[in-house]
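In order, the protein sequence lines correspond to chains A and B. Take the first sequence: its position 123, counting from 1, is numbered 123 in this note's numbering, and each next residue is one higher. Take the second sequence: its position 148, counting from 1, is numbered 1148 in this note's numbering, and each next residue is one higher.
Possibly wrong hints are sitting among the right ones.
Derived DSS-like pairs (lysine-lysine); straight-line CA-CA distance at most 27 Å [unchecked claim]:
hint, chain 1, residue 1, chain 2, residue 2
1, A, K92, B, K1237
2, B, K1032, B, K1227
3, B, K1032, A, K10
4, A, K93, B, K1237
5, B, K1018, B, K1032
6, B, K1226, A, K10
7, B, K1040, A, K10
8, A, K92, B, K1040
9, B, K1237, B, K1226
10, B, K1227, A, K10
11, B, K1237, A, K10
12, A, K51, A, K10
13, B, K1040, A, K93
Honestly, the hints are just simulated from the structure, not real lab data. These figures come from a predicted structure and were not determined experimentally.
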Amino acid sequence: MIYLSRTGRKVLPGDEVAIAEEYISGEGTYEADGRIYASAVGELDLDMSEKTARVILENPPIVLMDGDVVFADVTDTKPAMAICSVVAQEGKKRSISSETLASVHVSKIASSYVEDAGDLLRAGDLVRAQVIQAEPSVQLTTSGPHFGVIRALCTVCRTPLERKGRDLWCTRCEHDERRKLADDYREFELAKPKH
Amino acid sequence: MGGTPIPNDIKLLDENGKRVDGRRPDEMRPIKIEAGVLNKADGSAYVEWGLNKVLAAVYGPRECHPRHLQNTTRALVQCHYNMAAFSVDDRKRPGPDRRSHEISKITSEALTHVVFTEYFPRTSIDVYIEVLQANAGTRCAGLTAASVALADAGVPMRDLVASCAAGKAADTVMVDLGKEEDNFGQADVPVGYVPRTEEIVLLQMDGELTHDEYTLSLKMAIEGCKKVYEEQRNALKRRYQVRSVDAVEEPKGVA
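Same shape as in the complex, but just chain A (with noise of 0.2 Å):
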């Protein structure tokens, strides 16, 4: 997003950043007795078009929306679902300050037929999703190439899967399983936390 209209003015909490004549009350700012004040530290934006103060935080808490690209632990498996706990956004630091609990319906894991969510999707796995519904309920779809299991374990004896053509292998009990893999299966990089 381009912001055209950033003021390059730094505001802390508690600033008041315009009239609430002028203006309408956005991200970071909170109206008060006919006042728009700051409520976090960050740049003040005010837009002329939209007519909307707001406050552009440079860590802001994050709370999923719609479209987000998501890591998530996948906690359990039902034929019609596999429920998932997201531990975090892509490419960023923090964690999820929003509903963590979420759910891919099995019409959602891949592009293809599923017949039950449990063959492609197990407890353990770790995948990369997107966000389709963010309220009431979190749901995610890992439907796409780059979308799917990231990093898998063996259901006998949790070793890590390998990549075997379109399946997984283990090398431990030489057996091999089936994943909606993504295409960068155990060659993704985790957000690094900055030192």
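Guided by the hints, dock chain B onto chain A, whose structure is given.
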């Protein structure tokens, strides 16, 4: 009430009207605040207030555990005040005690008044206050540090909470009591104050004061809070400048 008897070698107020550490009754101890001192925390702050050294870290808003504590309409501000075993002259027995529970509770309540908790339902905002060195007034220093750490974490809030104490020692009302004045003085009034709305979010008193003394203490504490507030703002401004430089250097996609 006269408080603990004063040892003969301590004079809380001398002939020139100077206190034990040479301050005037309306003079505060030097205060230094730094924001963003911890890498792993979402927000943090370090406060040196006289000989007090306090570290505050904020994690969250994040999923609230245990889940039965979750509020479906708002976030929970959970403070954990802890004094390090080495923070006082005689080793303090580590772990939570009656006093630290009380301070955790009042700090949580003070911060809940300013944080927009309704923006993050079912979550918890965890604030950890660690007292590394104590010299009277640690609850004020803790609240001051926690408030800066919350702002550093990007938690939306109405204003910063500034905190300062006033009290009475040697029959004189004075601001920001030091250790000797707290131990051998007659009263202590810690105040948490929201400067923009002029609200008081923390008010306690131990000892006895006349009505006039109490009014004067409160006034002096609020004046102290206003000075602390300026220091808090300066700390956040300095932190913002550092962050802007970091943002330019940071590679895209990996935060």
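Verification of the supplied hints:
1. A/K92 <-> B/K1237: holds, 23 Å
2. B/K1032 <-> B/K1227: Answer holds: B/K1032 to B/K1227 is near 12 Å, not above 27 Å.
3. B/K1032 <-> A/K10: holds, 21 Å
4. A/K93 <-> B/K1237: holds, 22 Å
5. B/K1018 <-> B/K1032: The given pair, whose Cα atoms are some 23 Å apart, holds under the 27 Å limit.
6. B/K1226 <-> A/K10: Within the cut-off at roughly 21 Å; holds.
7. B/K1040 <-> A/K10: holds, 25 Å
8. A/K92 <-> B/K1040: Roughly 13 Å separates the two Cα atoms, so the pair holds.
9. B/K1237 <-> B/K1226: Within the cut-off at roughly 17 Å; holds.
10. B/K1227 <-> A/K10: holds, 21 Å
11. B/K1237 <-> A/K10: Since the Cα atoms of B/K1237 and A/K10 sit roughly 8 Å apart, the hinted pair holds (cutoff 27 Å).
12. A/K51 <-> A/K10: It holds: about 19 Å lies between the C-alpha atoms, which stays within 27 Å.
13. B/K1040 <-> A/K93: holds, 9 Å
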